[in-house]
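J.: Sequence:
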Amino acid sequence: MASSMWKGSISFGLVNIPVKLYTAIDTSKDFSFNQLDSKGHRIQYKKWCPVEEREVPYPDIKKGYEVAKDQYVVIEKQDLERIAVESTRTINIKEFIDEQELDPLFVEKSYYIAPDSIDKKRKKGKDSSSSSSTRTIQDKAYSLLVKVLHDTKKVAIGKLVLKGGEKEHLIAIRAYQRGFIMHTLHYLDEIKPVENIKEISETKVPEIDKSEISLGKLLVENLTSKDFDISRYRD
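Going by the numbering used here, the residue at position 84 of the sequence shown is 128; the numbering climbs one at a time, nothing skipped.
If you are wondering where the hints come from, they were derived from the structure by calculation, not from laboratory data.
Any given hint might turn out to be false.
Below, simulated DSSO-like cross-link-like pairs (lysine-lysine); rule was C-alpha separation at most 30 Å, straight line [to be verified]: (1) LYS51 / LYS236; (2) LYS191 / LYS64; (3) LYS138 / LYS211; (4) LYS153 / LYS203; (5) LYS73 / LYS184; (6) LYS153 / LYS121; (7) LYS153 / LYS184; (8) LYS198 / LYS153; (9) LYS153 / LYS138; (10) LYS107 / LYS198; (11) LYS184 / LYS64; (12) LYS153 / LYS207.
Use the sequences and the hints to build the structure in full.
T.: See the structure below:
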């Protein structure tokens with residue numbers, strides 16, 4: 045059974061839907077190699093100061109930002125704590141957009157959003173029928189929004205601060221099967237402009253006649269599948 049990594053609510057206008065966040069990608073299938081010497085012993089890396097030619101113990105290691113060649117501003121732990129964004133328990137929806145407006149280039153990571161409708165331990169004297177009624181309303185609000193996004197083919201755009209507070213994430217929420225998928229998005233200034241790629245920006249578009257275009261379209265049509273089944277592909 046998967047465990048949630050975050051609990052909070054989706055909020056827009058007067059609507060507030062309690063939800064839980066789960067990672068959508070199974071990283072257990074990933075693998076990596078260890079580096080060994082010729083006798084099969086695993087290699088270790090030491091934190092080494094090339095100026096003083098000595099190993100640096102972990103407590104003496106600090107973080108620094110390079111402002112010029114070999115010139116650094118030391119950032120203390122207290123400095124990071126002061127500028128950390130306060131973690132919130134709310135996904136604030138800012139706007140809704142058409143599905144086709146969300147360019148896959150901006151997608152960073154993906155998560156499932158589930159309704160947080162599991163019964164909590166009832167407090168002494170709490171009416172169980174009231175708790176059940178609240179759950180029904182919350183589940184209905186979740187399912188209603190899933191249905192609305194499916195029917196309208198819209199995507200919700202919002203902001204969220206996850207645990208750690210290092211960054212306020214730009215996020216997109218879209219309907220997926222019976223629930224939601226949330227994507228964290230790259231900000232525009234994190235995307236390299238295509239003009240930076242010399243081979244693309246300086247390429248001259250050649251003359252292409254209609255027969256070549258028709259042949260190209262025919263090849264694409266012959267390889268076009270009506271229903272894309274990704275399970276046919278294996279790593």
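J.: Hint by hint, say whether it matches the structure.
T.: Now the hints, each set against the structure:
1. LYS51 / LYS236: 33 Å, violated
2. LYS191 / LYS64: 18 Å, holds
3. LYS138 / LYS211: Satisfied, since the Cα-Cα distance of roughly 17 Å is no more than 30 Å.
4. LYS153 / LYS203: 14 Å, holds
5. LYS73 / LYS184: Distance of about 35 Å is beyond 30 Å: violated.
6. LYS153 / LYS121: 27 Å, holds
7. LYS153 / LYS184: 27 Å, holds
8. LYS198 / LYS153: Holds, at roughly 19 Å.
9. LYS153 / LYS138: 20 Å, holds
10. LYS107 / LYS198: Roughly 42 Å between the alpha carbons, so the hint for LYS107 and LYS198 is violated.
11. LYS184 / LYS64: 16 Å, holds
12. LYS153 / LYS207: 15 Å, holds
Hint violations for this structure: numbers 1, 5, 10, all remaining hints satisfied.
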